[in-house]
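A.B. asks: What follows is the residue order along each chain.
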Amino acid sequence: MTVAKKSNARPSMLTYEDVRSVSPALEHYTKVPLLGGLWKRPELSPRDRSVVTVAALIARIQTIEMPFHFALALNNGVKPSELSEIITHLAFYSGWANAMSAVAVAKDTFHERGIGIDQLPPAKEKLLPLNEEAERQRAAQVSGNFGVTSPGLVENTTDLLFLDLWLRPALAPRDRSLVTVSALIAAGQMAQITYHLGRAVDNGLTQAQASEVLTHIAFYAGWPNAFSALPVVKDVFEKRQKQS
Amino acid sequence: MTVAKKSNARPSMLTYEDVRSVSPALEHYTKVPLLGGLWKRPELSPRDRSVVTVAALIARIQTIEMPFHFALALNNGVKPSELSEIITHLAFYSGWANAMSAVAVAKDTFHERGIGIDQLPPAKEKLLPLNEEAERQRAAQVSGNFGVTSPGLVENTTDLLFLDLWLRPALAPRDRSLVTVSALIAAGQMAQITYHLGRAVDNGLTQAQASEVLTHIAFYAGWPNAFSALPVVKDVFEKRQKQS
Amino acid sequence: MTVAKKSNARPSMLTYEDVRSVSPALEHYTKVPLLGGLWKRPELSPRDRSVVTVAALIARIQTIEMPFHFALALNNGVKPSELSEIITHLAFYSGWANAMSAVAVAKDTFHERGIGIDQLPPAKEKLLPLNEEAERQRAAQVSGNFGVTSPGLVENTTDLLFLDLWLRPALAPRDRSLVTVSALIAAGQMAQITYHLGRAVDNGLTQAQASEVLTHIAFYAGWPNAFSALPVVKDVFEKRQKQS
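Chains as they are written, first to last, in our numbering: chain A, 66 to 309; chain B, 66 to 309; chain C, 66 to 309.
Don't take every hint at face value.
Copies of one chain are not kept apart here, so a pair can be met inside one copy or by any two copies together.
The calculated lysine-lysine pairs, modelled on DSS-like cross-linking and capped at a C-alpha distance of 27 Å, are [claimed, not checked]:
| hint | residue 1 | residue 2 |
| --- | --- | --- |
| 1 | K144 | K189 |
| 2 | K144 | K172 |
| 3 | K105 | K189 |
| 4 | K189 | K299 |
| 5 | K144 | K304 |
| 6 | K105 | K307 |
| 7 | K144 | K96 |
| 8 | K96 | K307 |
| 9 | K96 | K191 |
| 10 | K144 | K307 |
| 11 | K189 | K96 |
| 12 | K144 | K299 |
| 13 | K189 | K172 |
| 14 | K307 | K191 |
| 15 | K172 | K191 |
| 16 | K299 | K191 |
| 17 | K299 | K96 |
| 18 | K304 | K191 |
Simulated from the structure, these hints should not be mistaken for laboratory data.
Isolated chain A (complex conformation) (with noise of 0.2 Å):
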């Protein structure tokens, strides 16, 4: 299912109704521009957009727009155990009542669709292997940088994030650096975006994709956000062009 045939669908819990009742711009705003326009470039997959969309409502408590985002995501092809995965990623990364916010939420849109525990990944799994020469540079590099500051914290992301979490299989790394990379921009911690966009690039994600991740997420996290990584991103990719 396209985002076309759920054009008459309810921005979450309000009705176009209750949009117009406010502003008949904003109405058309979200129905002209946004999911007839924005939704179907074709930059970026549907599905890609709701992993950048989803990402950024959570990374924002954005909760009034997660049940149609969420039921959106699945229509496009987000599995429910990537969705699962998703939230579990941004209880790290966003923070924990980020995700229970999600939970909320998600709970009843799992439960509406019959989607069981069978469906989800198990809280322990198989990892992926580990590219242990990258890690072996990262964990140096941030020891080297905060291991007197904070070695609980240090310790924490090595043995949690980075040994653990980043290695489930349930949600590629690719999608797990889309993830990363969205919710930063859409919580404007650009001092974390250098790091992450080149891990995000290391595990497949184009710039072509980067770039219009940008363009989508503009309007789930403001233009301000937006326009505060574009130097940052800009910079990466300017850097690896060197290197290369």
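Put chains B and C on the given structure of chain A with help from the hints.
C.D. replies: Frame of chain A, contents of chains B and C only:
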């Protein structure tokens, strides 16, 4: 109706009794230095204070205070059409779900007051004249900097924001700038203040008003956001003074 | 009562069954590394962990976790008068509506436990003695930098914050600093950490405790905020060491 006459009003869905049952001090600070002090300072009109406050609440999805402040804004002379257009404007500048959270509150405010669609700005209307030279410069700079990094974002910025949204007559350019700058400070998006504060001054916001926006917004966006904006605002006004 | 004894408690309004129905992995991470691991580390007392957590939740309006963590804070030895004063403090440091969102939850917590107004700090009480030399320096620096840019903000900062709020005896200065620094990290307001972490150390927060605040807050404010705070915290402690 002035703020003074509203001093017995409920802060949003909470009564003063509720506030007192958790913090008698917070009740005092709300009644005396905030509603009885800040809102009566002559440096900014109650109407402008409401514009700043509403923008800050929407930028931060602080829904609990929206019912009180949307009603206060209308009492202070913000027209229903202007409140409608502020919400539409912040869909782009704060994020779509921020606007939708505001719609969910404003639809009740409008319904209670019998404000119908005939009092709201239409989806499409005759636009204000464009300052072609200023827009040419803006577009050239953004395109030169970021046209390769994200062509889609650059194109939407021109077509949707500067050739459409900013020219809609339902909100005066000076007020649109006031909303934008307030939302940027409230969301901690300091990197975007320089351009928009300059534009605000071009649109008629005085330095004395901008100064008082900082005094006011500290209460609604927290002291740290106001303090992080201070050096940026200082720099904008010092550079303007040198140029003149 | 310790966290251990609360291991069967509900995370806020969600049951573990709710969490499991969306993500068995998130249930595991909540029970084992978070509540069963982080909260038991000796580097910070359960009481201080609750202060940090409550501050982070209020700074980010993460209401869904407030009922659980307000109750846990009281169980961990945070006095009702201290929880009340934390909320009042964060009205100024996070924003008025953040405090009001916390009031909406805390009034129920207090009501359920029979905590009456006699256990809460009064609106006005005898203030702690002022460190006049430190305050003279602070006021001179802020006034010199920003007295022209926003005289109203500078005046309110002195009169309402440093000659009033910070001197209220209901929260020890060290705890007030802990709340402030936690809120700044949680909200990503890195530019304000240097001053307030220095003040926190002056008020008795140790470097080991500040280090563990970063370890702890990563879970509640997300890893990116903790990592963006790391270089600032490192710099503060390195400069302190050189001076001593």
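A.B. asks: Compare the structure with each hint and give your call.
C.D. replies: The hints, checked one at a time:
1. K144 - K189: within (19 Å within a copy, 39 Å between copies)
2. K144 - K172: within (15 Å within a copy, 35 Å between copies)
3. K105 - K189: between (37 Å within a copy, 23 Å between copies)
4. K189 - K299: neither (38 Å within a copy, 35 Å between copies)
5. K144 - K304: This pair counts as neither: shortest intra-copy Cα distance 35 Å, inter-copy 50 Å.
6. K105 - K307: neither (33 Å within a copy, 48 Å between copies)
7. K144 - K96: both (26 Å within a copy, 25 Å between copies)
8. K96 - K307: Neither way: K96 and K307 sit 41 Å apart in one copy and 46 Å across, limit 27 Å.
9. K96 - K191: between (43 Å within a copy, 20 Å between copies)
10. K144 - K307: neither (37 Å within a copy, 54 Å between copies)
11. K189 - K96: The answer is between: 13 Å across copies meets 27 Å, while 42 Å in one copy does not.
12. K144 - K299: Neither: 32 Å inside a copy, 42 Å across copies.
13. K189 - K172: within (20 Å within a copy, 39 Å between copies)
14. K307 - K191: So K307 and K191 fail the 27 Å test inside a copy (38 Å) and across (48 Å) alike.
15. K172 - K191: within (25 Å within a copy, 46 Å between copies)
16. K299 - K191: Neither: 37 Å inside a chain and 37 Å across chains, both beyond 27 Å.
17. K299 - K96: Classified as neither; 31 Å inside a copy, 41 Å across copies.
18. K304 - K191: Neither: 35 Å inside a chain and 45 Å across chains, both beyond 27 Å.
The structure is inconsistent with the numbered hints 4, 5, 6, 8, 10, 12, 14, 16, 17 and 18, although it conforms to all the rest.
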